[in-house]
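**Q** Chains as they are written, first to last, in our numbering: chain A, 54 to 412; chain B, 54 to 412.
Just so you know, these hints were derived from the structure itself, not from any lab. Where hints are given, some of them may not hold.
Same chains, same label: a pair holds when it works inside one copy or across any pair of copies.
Said to hold, decoys possible - The list that follows gives simulated cross-link-like pairs (lysine to any residue, SDA-like), each with its CA atoms no further than 25 Å apart:
1. K135 to P339
2. K111 to L312
3. K327 to N133
4. K136 to N244
5. K135 to R168
6. K136 to I382
7. K323 to T226
8. K136 to Q83
9. K135 to P259
10. K280 to S308
11. K84 to R168
12. K84 to N133
13. K327 to G370
14. K280 to T106
15. K404 to N228
16. K409 to P104
17. K111 to G310
18. K84 to D371
19. K383 to D349
20. K360 to F296
21. K135 to Y215
22. K111 to S308
23. K136 to T373
Protein chains: 2
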Amino acid sequence: MKRTIYKSFVVLLSMVSLTPFLSAQSLKKQKPLVIEQQGSFAVGGTVITNPGTFDPYKPTPEGQTFHGDHAYVFYQIPVNAKKYPLIMWHGIGQFSKTWETTPDGREGFQNIFLRRGFGVYVIDQPRRGNAGRSTAPATIDPVADEQHWFGVFRVGIWPNYYDNVQFARDSETLNQYFRAMTPSIGPIDLNVTTDAASELLNKTGPAILVTHSHSGGMGWITAIKNKNVKAIVSYEPGSGFVFPEGEVPQPVESSSGALQATSVSLDDFKSLTKIPIIIYYGDNIPETLSPNAAADGWRARLIMARKWRDVVNKHGGDVTVVHLPEIGIKGNTHFPFSDLNNIEIADLMSKWLKDKKLD
Amino acid sequence: MKRTIYKSFVVLLSMVSLTPFLSAQSLKKQKPLVIEQQGSFAVGGTVITNPGTFDPYKPTPEGQTFHGDHAYVFYQIPVNAKKYPLIMWHGIGQFSKTWETTPDGREGFQNIFLRRGFGVYVIDQPRRGNAGRSTAPATIDPVADEQHWFGVFRVGIWPNYYDNVQFARDSETLNQYFRAMTPSIGPIDLNVTTDAASELLNKTGPAILVTHSHSGGMGWITAIKNKNVKAIVSYEPGSGFVFPEGEVPQPVESSSGALQATSVSLDDFKSLTKIPIIIYYGDNIPETLSPNAAADGWRARLIMARKWRDVVNKHGGDVTVVHLPEIGIKGNTHFPFSDLNNIEIADLMSKWLKDKKLD
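Generate coordinates for the entire structure from the input sequences, incorporating the hints supplied.
**A** Right under this line is the structure:
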């Protein structure tokens, strides 16, 4: 979309401080993280090779290569780590930051689950963040759309916050929140992203996938591709619910458009019945069709998630859908794992992993 | 540059393994990292604001914002950290990965200096890697140019490695090496990058900058902008040597083109005489004009670095230039800190920091 934009270069006031950044209160009581190993690597991807022979003394494009479409992974393994590590996969417009420090400066799921003894792999999916080397050309424009995302992510209805929202209301939190987005470099390609995730699982061995939003649907496909996915914890999965051929439900209407489901073969679908899966949705999702399109899309997704649960479980699966307000946990946004009550959200996940004998 | 490319999609063989990825030998002897705090944040940047008022029920571009041009920082502070943390800044085409796991799977400077008790901040400069939200539009094409960089980074003269090169010769190392690049999203803007770096130094307080290649020149400007830069360790600085007005040397000719220096006011320049600075260059830099243009550029940069050292020191500064082969350390590439002898390279840096009472 082309348009004229007014650039106001606001020099952000930095909080001058000699001490590091996580809120002092929350950290004073924490023990150090004791990390056996940490590092990073690229995984998966493809290679473009130009025909011809490269001449280093007269360099031309001939014979040169381009490695791209890999995922980038940063991992930490605590001492005495639990059997299954967690692979944390961001959602649309996001990157590994999703799981790191929260917008208001508290610890995110990366640190929380390291403290609970899990190995943690945070990924940037192919063509995103540190995995920006895309084999597809890209044109990227700075599109001012943050008030739109404020609504879609259910922080509130701009410029108002939801009354009960689990989100700090200072301006620096919102600044960090918006800067936790980063563009796709080239199209999001389901095969490219799930191939890279599957290669990662070949390297990690058996692991638990933790997905968010857009990676929810990609997580189902990854579990079909790779038996090393031992369980999935999915926060607010968006599109990409896959049903067996012949059992695809009608689209769910919403004021943000109709939500379609897609199909896979029954054989592929059955992979999803072999592992425990839990899905969480937060608060402030309309109960009936709402003119607030940004939020209404989540009503449709919650309906579709329940249809999906029923079909997977009918085929012998173990899917649970938790709508947090229904169990008394109020005010969560589209990012429950970084909301103000994220320890409570982590406790729910820990209890589920324990119940499923995965910890 | 437009051209026809032949795409050969090579599915990379993954090394199936149930154990994590750093080479087992190097890790078995290592103690765990004991981390007091770790996290991530955006710093610096600007905001684009569209005129008008946003209507959440009829969303249009009016009244929406775009936060961009920040740096992204991941930091770890070990227990009992030394006084000055290290801020590690990647070079051209690179991102924070520069300082993490080496291409052949050993520990990079991030882990090495955490083990030596330093707080470590690794950054993605604005418009790169996880700081991909650029206020400038970008067009990004997959350009096959890796054989060119193999030469510029002085791994060898494609397809041959330098005989003495401190670089592992297996194909997976080269695969990781090429995937450690990521494109710029929009132009590299010296003011944007150094403003963000300066904002970071406002947050960290006094710190030591560790730069590489293209960030070398940006490091000098950052030190002029912010008195919290207490020292600079610069690996193979490329362009961007700044001299006082009236003292700019003639360009240095090389077969990759003439290397220009630039000027700043004497007042600004004097900031660079107030802090200790050490510069390292690796091996396989031609001694005289060479038709190997990729390597010859480094001959010019080494000459310019020595001219710069002499002028800073004439004005009362403390700049040291170390050409590693001259002190008997052979085979280093453009990335000494991730080369096979990177512990020896780190030892040199540690000794210098100790000599300057910075550790």
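**Q** From the Cα coordinates, with 25 Å as the cut-off, is the pair K136 and Q83 best called within, between, both, or neither?
**A** Both, since 24 Å and 21 Å are each at most 25 Å.
**Q** 25 Å Cα cut-off: does K409 pair with P104 within a copy, between copies, both or neither?
**A** Answer is neither; intra-copy 52 Å and inter-copy 52 Å both fail.
**Q** Using 25 Å as the alpha carbon limit, work out where K135 and P339 are close: within a copy, between copies, both or neither.
**A** Neither: 39 Å inside a chain and 52 Å across chains, both beyond 25 Å.
**Q** Have a look at K84 and N133 and pick one of within, between, both or neither, based on CA distance no larger than 25 Å.
**A** both (16 Å within a copy, 13 Å between copies)
**Q** Under a CA distance limit of 25 Å, which applies to K136 and T373: within one copy, between copies, both, or neither?
**A** within (23 Å within a copy, 50 Å between copies)
**Q** Within a copy, between copies, both or neither: which one fits K84 and D371 at a CA-CA cutoff of 25 Å?
**A** neither (36 Å within a copy, 41 Å between copies)
**Q** Which holds for K327 with N133 at a C-alpha limit of 25 Å: within a copy, between copies, both or neither?
**A** neither (28 Å within a copy, 47 Å between copies)
**Q** If the cutoff is 25 Å on CA atoms, where do K135 and R168 land: within, between, both or neither? Let me know, please.
**A** Both: 11 Å inside a chain and 24 Å across chains, each within 25 Å.
**Q** Which holds for K84 with R168 at a C-alpha limit of 25 Å: within a copy, between copies, both or neither?
**A** both (9 Å within a copy, 18 Å between copies)
**Q** Please sort K136 with N244 into within, between, both or neither, judging by C-alpha distance up to 25 Å.
**A** Neither, since 28 Å and 48 Å both go past 25 Å.
**Q** Checking K111 and L312: alpha-carbon separation at most 25 Å within a copy, between copies, both or neither?
**A** This pair counts as between: shortest inter-copy Cα distance 20 Å, intra-copy 54 Å.
**Q** Between K360 and F296, at a C-alpha cutoff of 25 Å, which is it: within one copy, between copies, both, or neither?
**A** within (10 Å within a copy, 69 Å between copies)
Figure legend: structure checked against the earlier numbered hints; hints not met, in rising order: 1, 3, 4, 6, 7, 10, 14, 15, 16, 18, 21.
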